[in-house]
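Asks: If you're matching them up, the sequences are chains V and F in order.
Take the numbering used here: the final residue in the first sequence is number 149, and no numbers are missing along the way.
Take the numbering used here: the final residue in the second sequence is number 149, and no numbers are missing along the way.
Keep in mind that the hints were calculated from the coordinates and are not lab data.
One or more hints might be untrue.
Stated by the list, open to error - The calculated BS3-like cross-link candidates involving lysine-lysine, where the alpha carbons are at most 30 Å apart (straight line), are:
hint, chain 1, residue 1, chain 2, residue 2
1, V, 106, V, 128
2, F, 121, V, 86
3, V, 114, V, 86
4, F, 85, F, 121
5, V, 114, F, 85
6, V, 106, F, 121
7, V, 106, V, 86
8, F, 85, V, 86
9, V, 128, V, 114
10, F, 121, V, 114
Listed below are the residues making up each chain.
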Amino acid sequence: MPHRLLGARPIEILLVEDNVEEAEMTQEALREGRVRNRVHWVEDGEDALAFLRRQGAHAAAPRPDLILLDLRLPRISGQEVLVQIKEHPAWRRIPVVIMTSSDDEKDILAAYDKHANCFITKPVDLDKFMAAIRSVEEFWLTVVRLPAA
Amino acid sequence: MPRTTPDRAVEILLVEDSSDDAALMVAALEEGSLRLHVAVVEDGEEAMHYLRRQAPHADAPRPDLILLDLRLPRMSGQEVLAEIKQDAELRRIPVVIMTSSDNDRALDGAYDLHANCCVCKPANQEEFHEVVRRIERFWLTFAQRPGNP
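Go ahead and model the full structure; you've got the sequences and the hints to work with.
Replies: What follows is the structure in structure tokens.
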């Protein structure tokens with residue numbers, strides 16, 4: 001069912017996550033997925049925007065096909081990064097999946113109002129955490145048709 | 001993972017002019033263990049009447065999830081999507097675009113209009129059924145939606 005044939009270019013995923021442990025677990029779960037992907041990990045909101053703008057250390061950064069965005073980030077918050085992506089004419093079509101420990105209704109509403117494509121609460125339990133990441137991988141990389149460009 | 005077990009049925013609005021596709025999708029959605037109610041409308045204008053609770057849909061519930069075909073009579077899926085995503089009240093409802101077209105421009109355009117995700121309907125019936133099951137599993141069991149369930 002994957003709409004991308006094997007051998008096609010890998011799906012480029014931008015992971016914006018300040019928690020090292022969670023970033024490593026997320027990358028591990030994505031590596032185990034069936035669809036070839038490459039994860040680019042940045043630790044704060046400012047670096048996420050630099051990656052999208054291909055600034056500094058990110059001069060050779062690819063355009064991400066999918067962005068996994070934590071909400072609580074140092075320097076520039078996830079909400080602010082979300083707003084900047086969704087107001088940018090060239091970036092707004094990139095799907096942004098909010099991945100946060102929050103399950104606060106206010107955060108959920110605010111994210112969808114700012115055009116987050118999806119909101120996932122990261123479970124605290126390790127097995128459930130991995131299952132949640134795998135569900136994101138399975139749905140967004142094999143069921144969804146991501147934007148072409 | 002969504003916080004609580006829903007104490008009411010999950011409301012799904014399916015906007016689909018093909019009665020064959022609609023029947024297949026309703027059957028796939030109702031196969032799951034979740035209590036849900038699927039309302040089917042056949043064109044874009046009726047979808048907006050349903051969402052705005054205009055006759056004959058004065059008592060329509062607010063959908064928790066919208067599955068929207070792009071090619072619709074009277075008012076296109078793109079127009080419906082644009083109206084939903086520009087409406088301060090409706091925009092937070094996740095909209096899954098379902099299309100048989102593999103047209104990159106149409107899909108990218110839907111993402112630009114803030115579709116939450118786009119899915120191509122497989123021509124094969126079994127695969128189509130499986131895709132709908134996966135949409136349900138992801139959006140109703142992993143993703144947080146505004147106004148749980």
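Asks: Each hint: holds or not?
Replies: Verification of the hints:
1. V/106 x V/128: With Cα atoms ~23 Å apart, residue 106 of chain V and residue 128 of chain V stay inside 30 Å; holds.
2. F/121 x V/86: The given pair, whose Cα atoms are some 26 Å apart, holds under the 30 Å limit.
3. V/114 x V/86: Roughly 7 Å between the alpha carbons, so the hint for residue 114 of chain V and residue 86 of chain V holds.
4. F/85 x F/121: Holds: residue 85 of chain F and residue 121 of chain F sit about 23 Å apart, inside 30 Å.
5. V/114 x F/85: Holds, at about 10 Å.
6. V/106 x F/121: violated (34 Å)
7. V/106 x V/86: Distance ~19 Å between residue 106 of chain V and residue 86 of chain V Cα, so the pair holds.
8. F/85 x V/86: holds (12 Å)
9. V/128 x V/114: holds (27 Å)
10. F/121 x V/114: Roughly 28 Å separates the two Cα atoms, so the pair holds.
Hint 6 from the list above is the single one not met by this structure.
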